[in-house]
Structure formats: C-alpha cells, structure tokens
Amino acid sequence: MPIDDVSTQVRSEIFGTLENGGVVEMFTLTSAEVELRLISYGARVVSLKTKDREGRMGDVVLGYDALKPYVENTNVYFGVIAGRFANRIDKGKFVLEGKTVQTTINDGLNMLHGGVEGFDKRNWSAKPVPAGVEFTLVSADGDQGFPGTLTVRVRYTLQGDVVRIEYGATSDKTTVVNLTNHTYFNLSGEGSGTILDEELTLEAEYFTPVSSAEAIPIGEIAPVRGTPFDFSRATVIGARIGEENEQLTFGRGYDHNWVVRGAVGELRPAAKVYAPKSGRVLCVETTEPGIQFYSGNFLDGTLVGKSGIAYEQRSGFCLETQAFPDAPNHAGFPGTELQPGAVYSSVTTWRFGVGA
592 MPIDDVSTQV RSEIFGTLEN GGVVEMFTLT SAEVELRLIS YGARVVSLKT
642 KDREGRMGDV VLGYDALKPY VENTNVYFGV IAGRFANRID KGKFVLEGKT
692 VQTTINDGLN MLHGGVEGFD KRNWSAKPVP AGVEFTLVSA DGDQGFPGTL
742 TVRVRYTLQG DVVRIEYGAT SDKTTVVNLT NHTYFNLSGE GSGTILDEEL
792 TLEAEYFTPV SSAEAIPIGE IAPVRGTPFD FSRATVIGAR IGEENEQLTF
842 GRGYDHNWVV RGAVGELRPA AKVYAPKSGR VLCVETTEPG IQFYSGNFLD
892 GTLVGKSGIA YEQRSGFCLE TQAFPDAPNH AGFPGTELQP GAVYSSVTTW
942 RFGVGA
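For the sequence shown, our numbering assigns the number 592 to the initial residue and increments by one for each residue that follows.
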C-alpha cells in the first residue's frame, strides 16, 4: 500500500523472484525534484533520477532493469548496502576481546564488503514508511565468521532534493560493524561515458595509504597536500588520475579512504561533485569518519546497463561513507566495535541540485 506525505510519494511493486522463491520488492520514492528506486535484494539503489540544468530528469546511477544481472554480477556491488563490514579486512582476520576472528575470504586473500555472502546478497525485509522505505535484516551469530546475532535497519527517505540514509544495528555479542551504500554515480547520466570530467571536492586533509594492489591500509594517516589525492578544492577527477604515483598504481586510479574533517558522529559535509555536461551537483554529508572515493577503475565494458550501453572503465564513481578500511587491525583508526546493549547509528545524505 502506498504511503505518501506532503512532498513524497512511496509506491511498491514486484521487481522479480529469486531461485529460492523469494520475492524481491521495488519501492519508488518520488518528490518534485527526485525519483529514487530501491529493491529489497541487497537493499540497493537501482535508479535515481534528478534534474539537469535544463530541468530534464535523467537517471544518474549505474545498474540494471532486471533482477537476474544483479544476482549474477556480484563483484561490482551496484547500489548495495555493504556489510556486515564494508570495505576490506586484511586476510579476513582480526582480534576481538582477545580472540582471533576469521571471516570468509572473497577478495584475493582478504575480506571485502562482508565476505562471500555479504549483505548485498540477501533479500532484506522491507516496509514503506512516511517518505521512504525501511529495510531490515537479521545476520546470525557466526554469519561469515562474525560473532553475534546482528539486527540491522536501513531507512531511505526522500524529502525534496535530499535522500537520507539512516543505519542502525544491535548485537547480542561484541562484534564489529561498518555499513555503507555502494551506489555508482554518473551525474552526466547513466550510460553517458566516463566521469573523468566531473569535478570533485572532498572535505578532507588526510587519507589512508594502502600497501599494495590489495588495498589494505598500512595504518598511516597521510596528508593529501601536494599529492594527486588533494581534492580539498574542486578538481576534475581525471586531471591527475594518470600521474605516476604508487598509490594510484595500486588502485588503478582512485580507490582510497579519505578522513572527513570535523567531529565523528556529527552530520557534516564530506563531498561535492559537479558535472559540467549536465550541470548536476551532488553534495554528500555523513556522520562517518571516512569516505571511500572509488573511480570505477575495474569496470571494463563487459557489463551492459539500463540504457543498453556497456559500462566502460570509470563510467561511474562511488562515494562510500564508512569507517576506515581494515579498522579492526589498526589501533589508531576510529573503532568499529559494537557492544551488546549499544546501538550502531550512522547517517548519510545526498543532496541534488544544479550549478552554473
């Protein structure tokens, strides 16, 4: 049943059926400025339409029109909620309360975005709420090796030109939690080519360098000034992506975590992107300590999206608001432990508009 408020309509329908008979629902949130579509499989964003400088609506996220390619092409994480621990954990191993935890391994020798069967591969329970939809998931004790039964809630709401994502989780044992959304944006329009001409600003003076192409942080918090990682002022994404730089070589471009300035836990600006072709602007705010900027380096033209156009390298970017990668293995990084009786809470917002 639709739930509407003054500015936002919420509609639901069937998106598809999984092989196990599970029904995947789709929810469409519509305001005067934005249309957002989400599905229960992966609690993911599958479409987001917003206006360009001429007032024309266009889809600005990568993805598919059908369920099957989402089920089959799991290594790109289009639009998903990644968990129970987003990003990477070195060898899938860390020490918690004096005991070694070993998670499943799905990225070379490491764990990525929750392991072999992360939250992206689950069909979440869903219900409409005013101006949005709430997805819930119960991850059993020992799921992918993580301790504790974790109950997760992710609520997407739309008000005018702002998408708000609220995360919450509780556990019956001490565990680690790191949740993010992994949407790929192209503000010139899905299927319109690369994002290399779009201008990025990151509210960050530091980033966390990695040790190799496995993208595991070395534990250092390094200044961006004087490096290709300095986006403290609006900079074209492609301006320095090809420079000779060890960190860029490791990631085949940008695939790193930046340290968001300001107080962790407070909703504050993290990133801004402007697309000169369309005039669209995306502003990101978060309560999280970090933001992973990924420039779509491993897209290779083998996946064909909604527009019928293949997604070439760097045809979308991700801005993943989250804890630092491999945080459980670095005492100097903000903690990710969740104790029984405590509540994990995180908020990220996306505001859409147009620039000059």
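Honestly, I wouldn't trust all of these hints.
With a straight-line Cα cutoff of 25 angstroms, these simulated DSS-like cross-link-like pairs (lysine-lysine) come out [to be verified]:
no.	residue 1	residue 2
1	Lys863	Lys642
2	Lys712	Lys659
3	Lys659	Lys897
4	Lys764	Lys712
5	Lys659	Lys640
6	Lys764	Lys682
7	Lys718	Lys640
8	Lys868	Lys659
9	Lys718	Lys682
10	Lys897	Lys868
11	Lys712	Lys897
12	Lys642	Lys897
13	Lys640	Lys690
14	Lys640	Lys863
15	Lys863	Lys682
16	Lys863	Lys764
17	Lys682	Lys712
18	Lys640	Lys897
19	Lys684	Lys712
Calculated directly from the structure, the hints in this document are not laboratory data.
Now the hints, each set against the structure:
no.	hint	verdict
1	Lys863 <-> Lys642	holds, 17 angstroms
2	Lys712 <-> Lys659	holds, 12 angstroms
3	Lys659 <-> Lys897	holds, 13 angstroms
4	Lys764 <-> Lys712	holds, 23 angstroms
5	Lys659 <-> Lys640	holds, 22 angstroms
6	Lys764 <-> Lys682	holds, 22 angstroms
7	Lys718 <-> Lys640	holds, 22 angstroms
8	Lys868 <-> Lys659	violated, 32 angstroms
9	Lys718 <-> Lys682	violated, 36 angstroms
10	Lys897 <-> Lys868	holds, 20 angstroms
11	Lys712 <-> Lys897	holds, 20 angstroms
12	Lys642 <-> Lys897	holds, 18 angstroms
13	Lys640 <-> Lys690	violated, 47 angstroms
14	Lys640 <-> Lys863	holds, 18 angstroms
15	Lys863 <-> Lys682	violated, 33 angstroms
16	Lys863 <-> Lys764	violated, 38 angstroms
17	Lys682 <-> Lys712	holds, 21 angstroms
18	Lys640 <-> Lys897	holds, 13 angstroms
19	Lys684 <-> Lys712	holds, 21 angstroms
Taken one by one, the earlier hints fail for this structure at numbers 8, 9, 13, 15 and 16, listed in ascending order.
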